[in-house]
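Note that the protein sequences, when read in sequence, are chains L and P. If you read the first sequence in the working numbering, its first letter stands for residue 33, the second for the next number, and so on. If you read the second sequence in the working numbering, its first letter stands for residue -15, the second for the next number, and so on.
Please keep in mind that the hints were generated in silico from the structure rather than gathered at the bench. All figures in this text were calculated on a predicted structure; none of them were measured in a lab. Warning: the hint list may mix true and false statements.
[What the hints assert, rightly or not] Subject to a maximum C-alpha distance of 25 Å in a straight line, what follows is the list of computed DSS-like cross-link-like pairs (lysine-lysine):
{"#": "1", "chain 1": "P", "residue 1": "K87", "chain 2": "P", "residue 2": "K57"}
{"#": "2", "chain 1": "P", "residue 1": "K57", "chain 2": "P", "residue 2": "K(-13)"}
{"#": "3", "chain 1": "L", "residue 1": "K89", "chain 2": "L", "residue 2": "K41"}
{"#": "4", "chain 1": "L", "residue 1": "K46", "chain 2": "L", "residue 2": "K76"}
{"#": "5", "chain 1": "L", "residue 1": "K76", "chain 2": "P", "residue 2": "K0"}
{"#": "6", "chain 1": "L", "residue 1": "K76", "chain 2": "L", "residue 2": "K89"}
{"#": "7", "chain 1": "L", "residue 1": "K89", "chain 2": "P", "residue 2": "K(-13)"}
{"#": "8", "chain 1": "L", "residue 1": "K89", "chain 2": "P", "residue 2": "K54"}
{"#": "9", "chain 1": "P", "residue 1": "K87", "chain 2": "L", "residue 2": "K89"}
{"#": "10", "chain 1": "P", "residue 1": "K(-13)", "chain 2": "P", "residue 2": "K87"}
{"#": "11", "chain 1": "P", "residue 1": "K54", "chain 2": "P", "residue 2": "K0"}
{"#": "12", "chain 1": "L", "residue 1": "K76", "chain 2": "P", "residue 2": "K57"}
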Amino acid sequence: NAGVTQTPKFRILKIGQSMTLQCTQDMNHNYMYWYRQDPGMGLKLIYYSVGAGITDKGEVPNGYNVSRSTTEDFPLRLELAAPSQTSVYFCASSAPNQQGPEAFFGQGTRLTVV
Amino acid sequence: AQKITQTQPGMFVQEKEAVTLDCTYDTSDPSYGLFWYKQPSSGEMIFLIYQGSYDQQNATEGRYSLNFQKARKSANLVISASQLGDSAMYFCAMREIIQGAQKLVFGQGTRLTINP
């Protein structure tokens, strides 16, 4: 049982480059989330999705884009990478409350922008 | 305004002692959920315990219990008989429904260090 899978695990980008962080879940969860975690800090919500075709901004969406064409996949796109986007990125998914409260996390992607 | 506040950036505890990690929250939604996650140095997020806003009893999971005081909007994590392996970052989180969408927000975290 894979759960939530994120790729890549590590990446170094040059300023101005772009990339897509992949996230896939196999639990048929409606809700998916992208967070970033800066060193020594908590998780800040970038974008979230309540189902295929529906996405919305979180706390810190600037510089990012998302799409949700299927229930399973929720990629995060960085355009014109900046040093301020150096962080660890977590994808998570969860079911509606009545199906179990827990949010499941991927292993994280450590991104460095130089 | 902060939705989740963890006021202890770091805590140091002797092995085998009990420890309480503080968490206060702010929401106007009557239906919400509160979580604690552990993040060891390896980086993964490990679910520890959950408390629903309508749950009458405090949640317990092994050595973990959640001291839920609804009127005070606090959801403190209690770890009994701490172990060296409990050294990690601990995050309190809240799930609330905003305009039909379920959002999960996190506090800043508390770094717990267990001393032998």
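Evaluated hints:
1. P:K87 - P:K57: The hint holds at about 18 Å.
2. P:K57 - P:K(-13): holds (11 Å)
3. L:K89 - L:K41: Between K89 of chain L and K41 of chain L the Cα gap is close to 24 Å, so the pair holds against 25 Å.
4. L:K46 - L:K76: holds (23 Å)
5. L:K76 - P:K0: Violated, because 33 Å separates the two Cα atoms, which is more than 25 Å.
6. L:K76 - L:K89: holds (11 Å)
7. L:K89 - P:K(-13): holds (17 Å)
8. L:K89 - P:K54: violated (29 Å)
9. P:K87 - L:K89: holds (11 Å)
10. P:K(-13) - P:K87: Holds - the C-alpha atoms of K87 of chain P and K(-13) of chain P are around 11 Å apart, at most 25 Å.
11. P:K54 - P:K0: violated (29 Å)
12. L:K76 - P:K57: holds (21 Å)
When the structure is compared with the earlier hints, violations turn up for hints 5, 8, 11 and for no others.
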